[in-house]
Amino acid sequence: QKEVEQNSGPLSVPEGAIASLNCTYSDRGSQSFFWYRQYSGKSPELIMFIYSNGDKEDGRFTAQLNKASQYVSLLIRDSQPSDSATYLCAVNEGYSTLTFGKGTMLLVSP
Amino acid sequence: ETGVTQTPRHLVMGMTNKKSLKCEQHLGHNAMYWYKQSAKKPLELMFVYNFKEQTENNSVPSRFSPECPNSSHLFLHLHTLQPEDSALYLCASSQPPGGGYNEQFFGPGTRLTVL
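From first to last, the protein sequence lines stand for chains A and B. Each residue of the first sequence is one higher than the one before, counting from 1 in the working numbering. Each residue of the second sequence is one higher than the one before, counting from 111 in the working numbering.
Think of the hints as simulated: they come from the structure by calculation, not from any bench. Where hints are given, some of them may not hold.
[What the hints assert, rightly or not] Capping the alpha-carbon separation at 25 Å, the derived lysine-lysine pairs in BS3-like fashion look like this:
{"#": "1", "chain 1": "B", "residue 1": "K146", "chain 2": "A", "residue 2": "K2"}
{"#": "2", "chain 1": "B", "residue 1": "K128", "chain 2": "B", "residue 2": "K162"}
{"#": "3", "chain 1": "A", "residue 1": "K42", "chain 2": "B", "residue 2": "K132"}
[To be verified] Cβ-to-Cβ under 8 Å is the rule here; a few derived chain B residues that face chain A:
{"#": "4", "residue": "L153"}
{"#": "5", "residue": "V158"}
{"#": "6", "residue": "E166"}
{"#": "7", "residue": "N212"}
{"#": "8", "residue": "E213"}
{"#": "9", "residue": "P218"}
{"#": "10", "residue": "G219"}
Just so it is clear, CB atoms sit at the ideal spot from N, CA and C, and this is done for glycine as well.
Please construct the entire structure, taking both the sequences and the accompanying hints into account.
Below, the structure written as structure tokens:
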């Protein structure tokens, strides 16, 4: 059974700091990896995806992938209170649907 | 309308009622999904439709009945639900699963309460 593991948190960081969110996955055949942000009471919103080993940067967000270690992370630079949300990691094996983790709650304090 | 829309946004129903949830996507996608999200649980995939054909049913009880008349519309028909079925029901769409590219875009969800 495919599993995606995330620390449920909450992860608390002060405004302006770097928030680091981590995710591990069990299926070595996984090919694509996604980070969704979900505000309380709202639906998940796609913020980043990564397919290749290494880093991918988009504004304040950086996704990092290490397939050998089966590990994917999301860094948020210059964290803002508006970044406070639950971040969901999702993994796709290519010919299958997404498997989601339980999510990590991030709290950014002013 | 853009993206993925869902109606109703909130629904309260009794255990003997019959209701339907509706989802519509305006993204030109060919795959549509129903998810259930309960408190403190990960997203649970319920059904997958690929080019109007159901390709996945994750052991969902028969009191949930999906319908996909075309690639843009998806319904979830509900009957004789239980209180534990109260949750946020999310619809999503994507290009068909495969090839490693499967970004899913979610609708706003229907908050369902079963009394």
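To see whether the hints hold, each was checked on the structure:
no.: 1; hint: K146/B <-> K2/A; verdict: holds (18 Å)
no.: 2; hint: K128/B <-> K162/B; verdict: holds (23 Å)
no.: 3; hint: K42/A <-> K132/B; verdict: holds (17 Å)
no.: 4; hint: L153; verdict: holds (4 Å)
no.: 5; hint: V158; verdict: holds (6 Å)
no.: 6; hint: E166; verdict: holds (6 Å)
no.: 7; hint: N212; verdict: holds (5 Å)
no.: 8; hint: E213; verdict: holds (6 Å)
no.: 9; hint: P218; verdict: holds (5 Å)
no.: 10; hint: G219; verdict: holds (5 Å)
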